[in-house]
Amino acid sequence: MKSLLMLLIAFFSLIVVGNQKATTYWNTGQADTIEKGRFEVGIFQPLRYGLTNDIELSTYPIMDFIMPNFSVKKNYIKNTKWSLSSEHFTSYPTLLIKMISKEGIAGLLPSTAKEDIPQQIYTEHSIIFTYNLSKYFIITPKVSVSIPIIFNSYKKFPTIDMFLLYTRTAPFHGDFIYTLSLDIDGQIYKSLYYSIDFDYYNNLPINIYNSEGISSNYEHKFMLIWKNSPNFSIYAGYKLIYGNYPYGSQLNIVPLIDFAWGW
Amino acid sequence: MKILIFLLLIFIISCDPFHAKFEDIETARYYEASKIIEPLSSNELKIMNWNIKFGGGRIDFFFDCYGNNVLMSKDEVYTNMEKLAIKINKENPDILFIQEVDINSKRASYINQVQYLLDNTELNYATYASQWKADYVPSDGIGKVDTGNAILSKFPLNNAKRIALPLMTDQDAVTKYFYLKRNILTSEIMWNNEKINLLAIHTSAYSHDGTKLKQIEILKNKMDEINNNNEAFIAGGDLNTIPPNSDKIKDFPDSICTNESFQADDYTEDIGILDSFYSDYTPAISQTDYEADNSKYFSHTTNKNGFWNRKLDYLFTNQNFENGMIHQDISSGGVETMKLSDHAPLTVTFSFNGGN
Numbered sequence: 004m005k006s007l008l009m010l011l012i013a014f015f016s017l018i019v020v021g022n023q024k025a026t027t028y029w030n031t032g033q034a035d036t037i038e039k040g041r042f043e044v045g046i047f048q049p050l051r052y053g054l055t056n057d058i059e060l061s062t063y064p065i066m067d068f069i070m071p072n073f074s075v076k077k078n079y080i081k082n083t084k085w086s087l088s089s090e091h092f093t094s095y096p097t098l099l100i101k102m103i104s105k106e107g108i109a110g111l112l113p114s115t116a117k118e119d120i121p122q123q124i125y126t127e128h129s130i131i132f133t134y135n136l137s138k139y140f141i142i143t144p145k146v147s148v149s150i151p152i153i154f155n156s157y158k159k160f161p162t163i164d165m166f167l168l169y170t171r172t173a174p175f176h177g178d179f180i181y182t183l184s185l186d187i188d189g190q191i192y193k194s195l196y197y198s199i200d201f202d203y204y205n206n207l208p209i210n211i212y213n214s215e216g217i218s219s220n221y222e223h224k225f226m227l228i229w230k231n232s233p234n235f236s237i238y239a240g241y242k243l244i245y246g247n248y249p250y251g252s253q254l255n256i257v258p259l260i261d262f263a264w265g266w
Numbered sequence: 022m023k024i025l026i027f028l029l030l031i032f033i034i035s036c037d038p039f040h041a042k043f044e045d046i047e048t049a050r051y052y053e054a055s056k057i058i059e060p061l062s063s064n065e066l067k068i069m070n071w072n073i074k075f076g077g078g079r080i081d082f083f084f085d086c087y088g089n090n091v092l093m094s095k096d097e098v099y100t101n102m103e104k105l106a107i108k109i110n111k112e113n114p115d116i117l118f119i120q121e122v123d124i125n126s127k128r129a130s131y132i133n134q135v136q137y138l139l140d141n142t143e144l145n146y147a148t149y150a151s152q153w154k155a156d157y158v159p160s161d162g163i164g165k166v167d168t169g170n171a172i173l174s175k176f177p178l179n180n181a182k183r184i185a186l187p188l189m190t191d192q193d194a195v196t197k198y199f200y201l202k203r204n205i206l207t208s209e210i211m212w213n214n215e216k217i218n219l220l221a222i223h224t225s226a227y228s229h230d231g232t233k234l235k236q237i238e239i240l241k242n243k244m245d246e247i248n249n250n251n252e253a254f255i256a257g258g259d260l261n262t263i264p265p266n267s268d269k270i271k272d273f274p275d276s277i278c279t280n281e282s283f284q285a286d287d288y289t290e291d292i293g294i295l296d297s298f299y300s301d302y303t304p305a306i307s308q309t310d311y312e313a314d315n316s317k318y319f320s321h322t323t324n325k326n327g328f329w330n331r332k333l334d335y336l337f338t339n340q341n342f343e344n345g346m347i348h349q350d351i352s353s354g355g356v357e358t359m360k361l362s363d364h365a366p367l368t369v370t371f372s373f374n375g376g377n
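For the protein sequence lines, the chains are Y and V, in the order given. So the first sequence is numbered by the numbering used here: it starts at 4 and just counts up by one. So the second sequence is numbered by the numbering used here: it starts at 22 and just counts up by one.
So here's chain V without its partners, still in its complex pose:
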């Protein structure tokens, strides 16, 4: 009987009845603001990156082990999204990379947060790639989920693709079927008559089998490929790893989960993985600045009552970056971002080599 049920389970999962699978490469989804605002011409672009925690603000969710919340009401989501939009409008980026943005999840009351941000900021266009999608996740009361990476831009986005990244290998078949499936979202814009390739990523947070490192390597390979074609790129997102030569690499005090599935506070195995990113390309926050004072560039903590205690969020380019900043609080960015998400936003000014 057990074998029969097991076979049935495999049969069901192989048919993808919950629409949880992806192709290796898929066309990403496109969105457009309800009202298009023409951008002003400029020789610089402001780039922003932010993991917005699905508009969850500082509600304590079960996976952080600080609380047991799973679902949010519409009011909670709209209140949090409004605060995110206020900060985004204050920065008024030309291009925004966001991670953990929900477009159709029960936990976020099925509010399309990509469309919300388009309609409530000066950004006009967006592309989106799911990193976790299932008609129903039968665990913890999560239910339907569709969340992922998005790129929002004032300029039209083209040729958007979702490139699948390796999945974690230490999960059983059922867990793997319903679990997060990471990706690189790629898009292109034409700006000042030149193409810029945009690559957005959010790597595995709880990988203990080397999957995250493989995902980061694939991003680096994509960056190298574009660079070798003499094209410009801006790449980044939440890499879930810390910069080279960080003072602290494990045992972060905000990581209170005892369940190994939700532990992400030891980066010992990651040492060296970002070295070539820094040596080959230009980071938003230079290694020199970071090494001078790590804490100034921390961008993540799970403890709403604490303060940012590690840097997980990055932007890189093969062109010029200036004025990189992590918006940690009033003194760096003018807003208490600790209340808005479990990640702080990162901004930087982009220009072409040679000042095009």
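Just chain Y, with the same shape it has in the complex:
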């Protein structure tokens, strides 16, 4: 049961990344970085820290035990209307993949796959542009590229053909993935905000590990956010996933809920 709970936390950490503005806090996902010295963390969101007013560091703390990970976001341009940043994420997923290759509950992969899992480092690089039309309507287009670095000789191991995880674990199989995203955020009323996003995933035409590749995958998320104060916020909504998997296409919807704290 413990391993299942840990897996659930890991699972939602990968998907519940909010993105809202019109305040100077709780703006995950936008080009703006968190202000210097501020911390924010959610149950399923990363721990973020403002190193300077234009450099933000973040990590998923619980995940660090099973998948050490680290991200740096650098803001290059920022004015009242728009903002431009790049974000660079890296992680060591080998431990996690081996951990979920097991018998029994939380065995997302067969235990026999363990010996085929290579040492690897996962990297993801994004360009984020945020345009602030008004506090009710902020748009953030984003382009990301996932680049796997596999060290020892690559052997095929079973893919995780599950919504949300299929695209996110494809680079562990040697797939180079690009993501095109559009986020729309804004205020609804007083402390109540919304966040809508659309993501498109596909393969880059690069295949150095002889991977099987993925085809177009789409995701859409809607969340209501109650920004109670700079110290606490609540997120609730859903995620819709239309994926193309090895067995065919499928539509899934999952509820999302999160609580975040800042100081």
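Simulated from the structure, these hints should not be mistaken for lab results. There may be inaccurate statements among the hints.
Straight line, CA to CA, 25 angstroms or less: simulated DMTMM-like cross-link-like pairs of lysine to aspartate or glutamate [as the list claims (entries may be wrong)]: (1) V:243 x V:209; (2) V:42 x V:230; (3) V:325 x Y:106; (4) Y:105 x V:97; (5) Y:159 x V:230; (6) Y:105 x V:191; (7) V:197 x Y:106; (8) V:95 x Y:57; (9) V:325 x V:103; (10) V:95 x Y:119; (11) Y:159 x V:96; (12) V:235 x V:215; (13) Y:159 x V:290; (14) Y:117 x V:97; (15) V:317 x V:290; (16) Y:117 x V:81; (17) V:235 x V:286; (18) Y:101 x V:81; (19) V:360 x V:275; (20) Y:158 x V:96; (21) V:111 x V:343; (22) Y:158 x V:97; (23) V:197 x Y:164; (24) V:241 x V:290; (25) Y:117 x V:96; (26) V:95 x Y:202; (27) V:271 x V:296; (28) V:42 x V:191; (29) Y:105 x V:81; (30) V:95 x Y:106; (31) Y:105 x V:290; (32) V:42 x V:238; (33) V:325 x V:287; (34) V:95 x Y:215; (35) Y:158 x V:81; (36) Y:105 x Y:119.
Please arrange chain V on chain Y, whose structure you already have, making use of the hints.
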């Protein structure tokens, strides 16, 4: 925090994000062969029943405790399916009941085995009801699964329904959500201007809480209902229980699992559950024949190096059955079926009362 995560878990499961739930009664799925072969007219039908172990042949899977295999390659599945099709074609049944047939499972490389059998035998039509379906089973590396019961027929099948059976009661909510959900698959055919009701079932193998007995009782009630309406039926499948008056009822030597979740070798609690099936209707293998020599009608073993050591597979009718046979080996059926599945096929010849 733990309570929060628990509530979240319940919330997620109540929304069925993995598409693992079923209604009490649903329309079953229909399939058709790529090429329809018109059946010859006859006064008899050959009926066959077979649990085909999802085309796994005699690969040792983790749940049998003989090996640790979970997934098969496409080549493995096609090789096994070809052997199953050869045996089915040799028998050339008019109606085939199959259990553990996968239509979209990672373990079977997502090969639709119902469609494969339709396209590689003389059977034209099929109905299918899932008994285990989830977009992802997060246990043992199983992944996506859609497996269940099917009825294949040379004649068009109509009014196909999936009737949900009671679920095991001794599992936690998460396990229950992702676990097998047994059913009765019902369909109808018109043959020689008369309707025949077909009822296919595969009951719980590892039930220790009386669920299997309830499932078998529901099947019996359905059979009685049809019989009381003066309609014909053929019912059967893998009942996961042994016939009345079996010489051996527990401690089968091939059951080597120590994990209670996978133990199915004590049928003491089942005694008497099939008595009314035999007294009220006609079995494919008569009780007299079975009692004369149990071993001749054994149809299951988990040990590929052993031999069939218990009978779990049945067909019953309220009409006539003749020539019932368990196809155990070359001497009974002409094929070494031990290599093809962990169950042996059963065949019988059906005709209407009064020789219609």
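Against the structure shown, which of the earlier numbered hints fail to hold, in ascending order? 5, 8, 12, 13, 26 and 31
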